[in-house]
Amino acid sequence: MRSAITWKYVGSAVPAANTVAGVLDALYTLGTSATYYDGSARTPGAGQAGTWSRYQNGGVTEAVYYTPVSDPHTVRHIFAGQASGGTKTPTMASPDTSATVTILYGLNRSSGAFNAWDNASPFTSGSFTGYSRCCALGTFTLAKVHLYECSVGHAVAFATTTAMTHCIAGDLIDAGTDSATSPNSAEVTTDGRYVILVNGGTSATSNAFWSLSSTTANPINHNTGANTSCHAYVLSPGGVTLSAILNTFLASTAITTTLQVNADGDAAFRQMVDFRSGGTWIGRLREIAVGPDAKLGQTASAGATVKAYAFSTGPSTDSDTLWLLA
Amino acid sequence: MIPHLCYAAAEYGADEIVMAASLRAEAEGLREALTDDGLAVALTFTPGGPHPADPRVVELRRAGAVVGRSRV
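Protein sequence lines, in the order shown, are assigned to chains A and R.
For the first sequence, the positions run 0 to 325 when numbering that gives the first Met the number 0 is used.
For the second sequence, the positions run 0 to 71 when numbering that gives the first Met the number 0 is used.
Honestly, the hints are just simulated from the structure, not real lab data.
Bear in mind that the values here come from a model prediction, so they are computed numbers and not experimental data.
All C-beta atoms in this analysis are idealised placements derived from N, C-alpha and C, irrespective of residue type, glycine included.
Honestly, I wouldn't trust all of these hints.
Distance condition first, Cα-Cα at most 25 Å in a straight line; then the derived SDA-like pairs of lysine to any residue [as the list claims (entries may be wrong)]:
(1) A/K87 / R/E15
(2) A/K143 / A/A203
(3) A/K87 / R/P49
(4) A/K87 / R/A24
Chain A is nowhere near these chain R residues, computed Cβ spacing over 12 Å in every case [to be verified]:
(5) D14
(6) R30
(7) E31
(8) D35
(9) T43
(10) P49
(11) A62
(12) V65
(13) V66
(14) G67
(15) S69
Using the sequences provided together with the hints, build the complete structure.
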């Protein structure tokens with residue numbers, strides 16, 4: 000088993016404008032914040048706090064990229080895009096195609112210095128997954144951007160007042176007891192790491208996603224449809240070949256409200272597990288759990304101690320929730 | 000993923016897809032998909048593909064100009 004990671008909620012930011020630049024700037028503001036949502040200190044590059052950088056073209060932000068604190072494979076996570084009329088042709092991860100006024104997201108492994116976001120090698124060297132669409136601003140008027148982080152990855156929610164789409168990525172799979180001591184080169188990197196990339200697609204993420212099906216808008220499921228669909232991938236060991244993943248749970252029955260609490264009525268958080276499309280085991284999602292319905296940005300506490308953060312599909316109504324464990 | 004380029008070709012209005020010769024066998028499905036969809040798109044294979052560091056990057060072109068890139 001891999002060691003437990005700790006999630007933290009950085010907070011939310013209101014984009015100055017519902018544009019690519021406005022949304023990327025909001026994300027950059029969060030990523031460089033000196034405090035967490037609760038006022039506690041945050042130091043980018045230390046603890047759970049990743050390092051965020053920004054690329055501006057003539058003063059207009061076109062890309063922000065993130066480096067996790069723990070980064071032995073020099074993975075860079077990049078959000079990018081261009082305004083209407085933009086003519087850049089970034090490399091997309093098939094089957095998605097490029098579009099303007101849309102936030103795109105991709106990963107680069109074995110990265111060098113930032114090059115250009117629309118270059119086939121955005122970070123000069125290494126391997127790039129290509130981008131997938133993760134938020135279309137023509138159809139999504141954002142109220143807030145939310146950022147969650149741990150030492151090996153992040154979760155971002157692009158939220159309207161009533162819905163959201165999302166992006167979750169990083170070294171977020173524990174392949175099991177074998178991976179830490181005798182990694183299988185066909186499965187994980189030699190140091191036992193697995194990197195996943197999840198893009199919510201440009202459709203709103205379903206707020207009733209606790210089904211086992213691969214719909215177009217489940218939070219960690221893959222759908223083969225282009226652009227609007229949710230894509231969930233695991234990267235090949237040391238490379239960026241993408242394999243689709245499907246999530247399931249440690250229960251064989253539907254996740255009902257009753258099953259989300261214990262006999263005392265306390266929230267019960269159960270770890271999620273992932274399988275490749277086709278059924279091969281991948282592992283458990285690291286400190287991402289099934290739990291009760293909640294609203295995006297809420298916390299679950301025991302006394303004064305926060306135990307988990309609600310990565311919910313509902314900004315304003317209690318909805319199905321991925322709980323990021325503190 | 001290569002057959003999905005049929006969708007990308009239609010989206011971008013491409014008339015040519017350039018890819019590495021190493022993808023030739025995988026691209027047979029794409030050729031069939033293009034034919035089935037009635038798309039007149041030429042497949043061009045070059046030794047290393049259009050991106051020197053990554054043979055899985057393909058270019059979609061229209062009248063010789065790059066209109067899209069995909070990693071397959």
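So, going through the hints one by one against the coordinates:
Proximity of A/K87 to R/E15 is assessed by CA-CA distance (about 18 Å); at most 25 Å being required, the pair is judged to hold. In summary, the hint linking A/K143 to A/A203 is supported, as the alpha carbons are separated by about 14 Å, within the 25 Å threshold. Among the hinted pairs, A/K87 with R/P49 is consistent with the structure: their alpha-carbon atoms are about 16 Å apart, no more than 25 Å. Pair hint A/K87 plus R/A24 does not hold up; C-alpha atoms about 30 Å apart against a cutoff of 25 Å.
Taking the minimum C-beta to C-beta distance to chain A, about 15 Å, the non-interface status of R/D14 holds against the 12 Å cut. Non-interface call for R/R30 relative to chain A: holds, since the shortest CB-CB distance, roughly 16 Å, exceeds 12 Å. Non-interface status of R/E31 relative to chain A is upheld: no Cβ of that chain comes within 12 Å, the nearest being about 16 Å off. Its beta-carbon lying about 16 Å from the closest one in chain A, R/D35 satisfies the requirement of being farther than 12 Å from that chain.
Against the 12 Å criterion, R/T43 stays outside the reach of chain A, whose nearest CB is about 17 Å from its own CB. In this structure R/P49 is not separated from chain A by more than 12 Å, as the shortest Cβ-Cβ distance comes to only about 8 Å. A cut-off of 12 Å between C-beta atoms confirms that R/A62 is not in contact with chain A; the least separation is 14 Å. Under the 12 Å C-beta cut-off, the non-interface status given to R/V65 relative to chain A is violated; the minimum distance is some 5 Å.
Its closest Cβ contact with chain A, about 6 Å, brings R/V66 to no more than 12 Å, contrary to its assignment away from the interface. At the 12 Å boundary, the C-beta of R/G67 falls inside the reach of chain A, the nearest C-beta of that chain being 6 Å off. Listed as a non-interface residue, R/S69 fails to keep its Cβ farther than 12 Å from every Cβ of chain A; the least gap is roughly 5 Å.
Checked against the numbered hints given earlier, this structure breaks hints 4, 10, 12, 13, 14, 15; the rest are met.
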